[in-house]
Structure formats: structure tokens, C-alpha cells
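K.L.:
For the protein sequence lines, the chains are W and P, in the order given. The opening residue of the first sequence carries number 1 in the working numbering; numbering runs sequentially from there. The opening residue of the second sequence carries number 1 in the working numbering; numbering runs sequentially from there.
Source of the hints: derived by calculation from the structure; they are not laboratory data. Yeah, the Cβ is synthetic: ideal placement off N, Cα and C, and Gly gets one too. Do not take every clue at face value.
[Claimed, not checked] In silico SDA-like links for lysine to any residue, alpha-carbon gap of 20 angstroms or less:
{"no.": "1", "chain 1": "W", "residue 1": "Lys131", "chain 2": "W", "residue 2": "Arg158"}
{"no.": "2", "chain 1": "W", "residue 1": "Lys323", "chain 2": "P", "residue 2": "Gly127"}
{"no.": "3", "chain 1": "P", "residue 1": "Lys111", "chain 2": "P", "residue 2": "Ile136"}
{"no.": "4", "chain 1": "W", "residue 1": "Lys323", "chain 2": "P", "residue 2": "Lys178"}
{"no.": "5", "chain 1": "P", "residue 1": "Lys178", "chain 2": "P", "residue 2": "Lys111"}
{"no.": "6", "chain 1": "W", "residue 1": "Lys131", "chain 2": "P", "residue 2": "His220"}
{"no.": "7", "chain 1": "W", "residue 1": "Lys134", "chain 2": "P", "residue 2": "Met206"}
{"no.": "8", "chain 1": "W", "residue 1": "Lys131", "chain 2": "P", "residue 2": "Glu85"}
{"no.": "9", "chain 1": "P", "residue 1": "Lys130", "chain 2": "W", "residue 2": "Arg158"}
{"no.": "10", "chain 1": "P", "residue 1": "Lys178", "chain 2": "P", "residue 2": "Arg153"}
{"no.": "11", "chain 1": "W", "residue 1": "Lys131", "chain 2": "P", "residue 2": "Ala17"}
[To be verified] Label-pair distances were calculated between CB atoms; the ranges are:
{"no.": "12", "chain 1": "W", "residue 1": "Asp260", "chain 2": "P", "residue 2": "Asp2", "range": "56 to 64 angstroms"}
{"no.": "13", "chain 1": "W", "residue 1": "Arg191", "chain 2": "P", "residue 2": "Ser122", "range": "27 to 35 angstroms"}
{"no.": "14", "chain 1": "P", "residue 1": "Glu115", "chain 2": "W", "residue 2": "Ser51", "range": "52 to 60 angstroms"}
Spelled out from the first residue to the last, the chains are:
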Amino acid sequence: MVKLEAEDGTVGYGEGVARPYVTGETVEISVDHIIKHLWPVVREGNFTAISLGEDPFSTLNEISNCLPEIGSKKVIAWHAARTAMELALVDCLLKREMMSLGAFLPPRRNFVTYSGVITGASINDAVKNAKYFKLFGLRQIKIKIGDTNDLQKIAAIRDAIGPETSMRVDANGAYTLDQATRILEKLEPYRIDCVEQPLPRGNLADLARLRQNTSIPIMVDESLITISDAEQLIKANACDYFNLRLSKCGGLLRTLELADIARKAGIRIQLGCQVGETAILSAAGRHVAAYLDCVDFVEGSYGALLLSEDITQEPIQFGHGGKAPVLRRPGLGVAPLDRRLSCYSQRITWL
Amino acid sequence: MDIRSYVEKTYQAQMEAFSNSPQFQALERGKIDKKEYFTFLANICITHMQSPKILGFLFSISPPDSTENVKHNFLEELGCEEAEESHPDLLKNTARGAGFDETTIERLEQKAQEEIRRMCNSPMMYGTIKEFGLHILLEVSSFEWMLSRLATRMGNFFANHGGCKKDDLLWFYFHAEKDSQHAEEALDTIVDYANYYNISDEVVSMITDVAFRENIFMKHYFSNHSGQNDQTAS
């Protein structure tokens with residue numbers, strides 16, 4: 001997390017979640033990257049001239065593009081680090097103007113609807129969780145697959161939740177092309193709305209082939225980190241959906257750019273999240289989900305449903321039906337409590 | 001499914017995990033810094049100081065067959081029945097007896113109120129008040145059930161290791177005596193509630209599982225929300 005204090009005392013907060021198996025970033029090297037490369041630029045930057053005007057892209061361009069892109073063999077991209085700093089900067093600048101990110105990225109809806117996610121679990125536990133989601137009124141569920149009991153699990157869950165609930169699956173790159181082709185053929189009768197990352201990142205030809213072999217739409221997650229990834233995926237006709245996650249994709253500007261690329265290519269969007277994210281990332285994700293024209297699935301805002309305690313006084317997790325209102329307070333719309341951040345911090349670095 | 005039995009087994013499992021926990025054992029054996037007793041008592045205060053408000057809510061939604069029992073419990077919380085003091089006052093006097101000053105007690109009362117605020121501000125996962133009400137009824141009843149069995153032990157470890165006199169620990173010994181009856185009545189109320197509001201056994205068990213997905217006693221009594229500066233003790 002980044003806490004940024006401006007000279008006039010305004011404070012902004014940002015968050016990034018490093019996932020070594022996605023972008024290559026660890027927490028340690030992300031923090032190091034912020035200290036060495038991002039903070040010096042922000043410290044010396046003059047942001048008073050930035051006008052929070054009509055075009056969010058051009059304003060976000062000014063803010064986000066002051067943060068340098070540093071190539072490295074260690075990582076695919078420094079996106080978690082970048083997201084943390086960019087969000088802190090945006091939060092700070094908007095709060096200075098008493099402006100909500102929602103005023104800046106106008107929401108197209110008053111509520112965002114979130115999906116439930118069932119992670120690796122026994123069939124009994126997975127069915128139990130599915131029934132809880134049904135009790136909570138969730139109409140969209142994602143199920144993690146990649147085990148030997150996938151078919152039985154999906155069948156049992158579909159039986160528990162009924163035919164109307166949208167069900168999609170996420171393989172996190174667990175399959176080879178042949179395995180994916182076989183399992184997806186068997187899953188087709190269970191009305192799967194899409195399969196996320198069926199193959200590991202890397203082989204676009206196989207992904208494109210799989211897309212031809214199955215009627216289940218293909219969503220990419222770990223295969224989609226950079227703009228270049230997006231362009232190659234489109235060129236290869238390798239997917240139907242992009243899973244956009246702020247911390248994976250590099251913050252607000254990069255995520256909106258990817259969404260625009262998707263829209264122009266006719267690719268549908270999921271606005272995903274980082275498991276374990278706090279209200280800061282959830283809030284930023286909420287604004288983007290409410291702003292984008294067309295988002296089929298949204299994940300996140302689990303708050304204290306997943307965390308023992310969130311870091312804001314006011315909970316922003318979703319409620320019944322997976323619904324959560326658009327946030328309207330200044331900045332990202334949340335007020336982190338410093339005492340909670342301190343309580344849960346493993347290391348604090350003052351710059 | 002025997003719902004009464006399912007709920008009671010859940011309470012039993014929660015209580016055993018709590019009383020067998022290293023934290024509880026350390027308090028009971030005196031193998032811990034004295035300030036931990038005051039943190040524990042502070043958390044008890046935060047958990048229970050606004051109990052009449054919760055009981056008031058449960059009274060308002062109580063099924064007709066259980067209204068008398070719930071009303072009796074509610075009035076007792078307020079100090080309008082046989083007890084001379086309201087339960088929050090009993091708890092405050094216990095805190096005073098343990099050495100908490102008035103500023104600390106006031107702060108704990110505020111934190112207890114913050115918990116009510118947090119509960120009301122939290123998005124409702126359930127679709128109706130009947131399910132939410134059941135969740136709250138299950139939680140409140142679980143504390144009555146646990147306190148009827150453990151309150152004496154807890155009072156004793158304050159007396160033996162926390163530097164408190166038994167006469168000052170009334171809240172614990174009062175609950176040890178009264179909550180046995182309340183705990184049994186509460187289990188009956190849960191069954192009445194489910195029948196009155198047409199909540200199926202399956203849904204009752206699901207709401208029970210959701211309410212107790214974490215250990216509720218550990219969560220409340222060993223939490224960090226009382227803070228370092230919330231108690232002063234002589």
C-alpha cells in the first residue's frame with residue numbers, strides 16, 4: 001500500500017497486490033521499485049497544473065504517464081507497484097479537489113453486481129458454498145477447476161444452484177490443449193458461460209485452436225497483462241473475453257486502455273480483482289466497473305467476507321444479490337484507517 | 001434434521017475450541033502478562049455493553065410463542081426484572097472493580113456502540129430481515145449458552161490471576177447462574193422462530209454455518225479492537 005501526503009496535507013491511498021506467478025512481482029521487489037523508480041518522480045512532480053477536466057483519458061494520461069515504465073528481466077511488468085502509486089496519486093489529487101473518481105469516470109449504473117467465487121474445495125464444500133451464494137442471492141458464480149473431480153463438482157454445483165444462475169469456470173492455466181478440449185466438451189451440457197485461462201500463458205496458437213474446438217467462450221487472465229499481450233491475443237483470435245484486473249494490468253489508465261482495445265475488437269470484459277484485496281483496490285475496481293459501457297462479470301469487494309477485517313471504517317463489500325452501490329465520496333471514495341493499516345502492516349517504509 | 005440438536009452441537013464445538021485455545025488456557029493458568037486480563041475484559045465490555053439494544057431488536061421480531069421469554073430476557077438486560085442493575089451497569093461495575101477508570105469505561109461504551117453502527121452499516125447478505133434476525137438470534141444465544149458454562153471459570157481467572165476480588169466480578173457470576181435458563185429457552189426460541197417464519201431446516205443450518213464460520217468467541221474476546229490504550233488498571 002502507498003499512502004501519499006501532498007504538501008497541502010491532502011492524503012491519498014493506493015494498493016497493489018503482487019502476484020509472482022502472474023507479473024513476476026513479489027511484494028519485496030514491488031516495494032523496492034516504488035522506492036527507487038516511482039517515488040522520486042512523484043516527489044519531484046508538479047501536479048498542481050493537472051486539470052481534472054472532461055476527458056478522463058487525457059487527465060489519467062498526464063497522471064499515470066509521469067510514472068516511468070522500467071523494463072526488467074525479473075518481471076513481465078511492474079504493474080502492482082504502478083497501480084499502488086497511481087491510485088494513491090489519483091486519490092490524493094481528487095480529494096484535493098473534493099471530487100469523486102465517479103465524477104471523473106461517470107458511472108453508467110447506480111449499482112455494480114458481483115459474482116461469487118468457489119475456490120479449490122471438496123465437492124461437498126463446493127456445493128455448500130454454492131448454496132450459501134444462492135441464499136445470498138448471487139446470480140453469477142465462478143468455480144475454480146483443474147482437478148480430477150472437476151466434472152463431478154460442476155455437475156453437483158449446477159444441480160444445487162439450478163439452471164438460472166450463471167456459472168463460469170477458471171482453470172488458472174491448469175490444462176494442456178488436449179486436456180482442455182476433453183474437459184470442456186464434457187462441461188458443455190452444464191451451461192458454462194465461459195472458461196477462464198484454460199491453458200498456461202504463452203501458447204497463443206493452442207489457445208486459438210481450443211477456441212475453435214469448444215462452444216464455451218474463452219477468457220484470458222494470466223495471458224493478458226500488457227497492451228502488447230492484448231494486441232497479440234486479438235491478432236491470434238485466441239479469446240472471447242478479457243479479464244481486466246487493476247493491479248495485474250497496471251492501474252486505472254492501463255485498464256481503461258485495455259478495455260478500449262477490447263471494445264474495438266468485439267471482445268467482452270470481466271472486471272476482476274485480486275483475492276485478498278482491501279477496500280482501496282475494491283473501490284477503484286467499483287468505479288471502473290460502473291464506468292465501463294459493457295462488463296459481463298465483476299469480481300471483488302469481498303471485504304470482511306474474506307478478510308478478518310477491512311481497513312476502512314465503512315464496509316464496502318457487496319450485499320444481497322452481489323449488489324454494491326457506486327461510491328460517491330471524494331477520491332476513490334473510501335477512508336482507510338491508519339491504525340488498521342499499522343496494525344496489519346508487516347513493514348512500513350517512510351520516504 | 002433436528003435443528004435444535006444441530007445448533008447446540010455447533011455451540012458446543014465453538015465453546016470447546018474457545019476454552020481449549022492457548023489464549024484461554026493461558027488466562028486460566030495465569031501464564032500470561034497481567035495486562036492481557038484487562039484486554040480480555042475490555043473486549044467483553046465491547047461485546048456486551050450494548051446488549052439491551054440487540055435484545056430489543058430480537059424482541060421486536062420474536063415469534064408469538066417465544067415473545068414472553070424474549071421479553072423477560074430483554075427486561076432483565078435493562079434491569080427491569082429481578083436484577084437490581086441492568087446488565088451493562090453490572091458489566092461497568094465489574095470493569096470498575098477490575099481497576100478501569102471512568103474514561104476507559106466511556107471509551108469502551110463508545111466502541112460497543114461502534115459495533116452496532118458497523119452491524120447496521122454492513123451490507124445485508126440476506127434477502128430479508130427474517131434471515132438476518134435468525135443470524136443475530138443464533139449469535140446472541142451462543143453467548144448465553146457459552147457463558148452459562150464458562151462464565152464462572154472466566155470470573156475465577158480474574159480472581160485468581162487478574163488481581164480482582166470475587167465480589168467485583170458480579171457480571172461473570174450473574175451470567176453463570178442466569179444464562180443456563182436463557183440458553184435452553186433460546187434454543188426453543190430458535191425452533192419457534194424457524195417454524196413461525198417458515199425457514200426450512202436446511203436454511204437454518206446454512207445460516208448457522210455462516211454465523212459460526214469463524215469461532216465467534218475468539219473473534220470477539222480475543223480481537224484487537226480494544227486497542228492498547230483502552231484500559232488502565234491499578
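K.L.:
With reference to the structure, classify each hint as holding or not holding.
P.N.:
Comparing the hints with the structure gives:
1. Between Lys131/W and Arg158/W the alpha-carbon distance is near 10 angstroms, which keeps this suggested pair within the 20 angstroms criterion.
2. Taken as a hint, the Lys323/W and Gly127/P pair is honoured in the structure, with Cα atoms around 11 angstroms apart against an allowance of 20 angstroms.
3. A C-alpha spacing of about 19 angstroms is found between Lys111/P and Ile136/P, which places the hinted pair at or below 20 angstroms, so the restraint holds.
4. With a CA separation close to 42 angstroms, the supplied pair Lys323/W and Lys178/P exceeds the 20 angstroms bound.
5. Restraint check for Lys178/P and Lys111/P: the C-alpha separation of about 26 angstroms exceeds 20 angstroms, so the hint is violated.
6. Using a Cα cut-off of 20 angstroms, the hinted pair Lys131/W and His220/P is violated, with the two alpha carbons roughly 27 angstroms apart.
7. For the hint linking Lys134/W to Met206/P, the alpha-carbon distance of about 11 angstroms falls within 20 angstroms, and the restraint holds.
8. About 44 angstroms separates the Cα atoms of Lys131/W and Glu85/P, which puts this hinted pair outside 20 angstroms; it is violated.
9. Distance check on the hinted pair: Lys130/P and Arg158/W sit about 27 angstroms apart at the alpha-carbon level, beyond 20 angstroms; violated.
10. Of the pairs offered as hints, the one joining Lys178/P and Arg153/P holds, with about 15 angstroms between alpha carbons and a cut-off of 20 angstroms not exceeded.
11. Between Lys131/W and Ala17/P, the direct Cα distance comes to roughly 26 angstroms. Violation of the 20 angstroms bound is thereby established for this hinted pair.
12. The beta-carbon spacing between Asp260/W and Asp2/P, approximately 58 angstroms, falls within the hinted interval of 56 to 64 angstroms.
13. In this structure the supplied range 27 to 35 angstroms holds for Arg191/W paired with Ser122/P, their Cβ-Cβ distance being about 33 angstroms.
14. Between Glu115/P and Ser51/W the CB atoms are about 43 angstroms apart, so this pair departs from the stated range of 52 to 60 angstroms.
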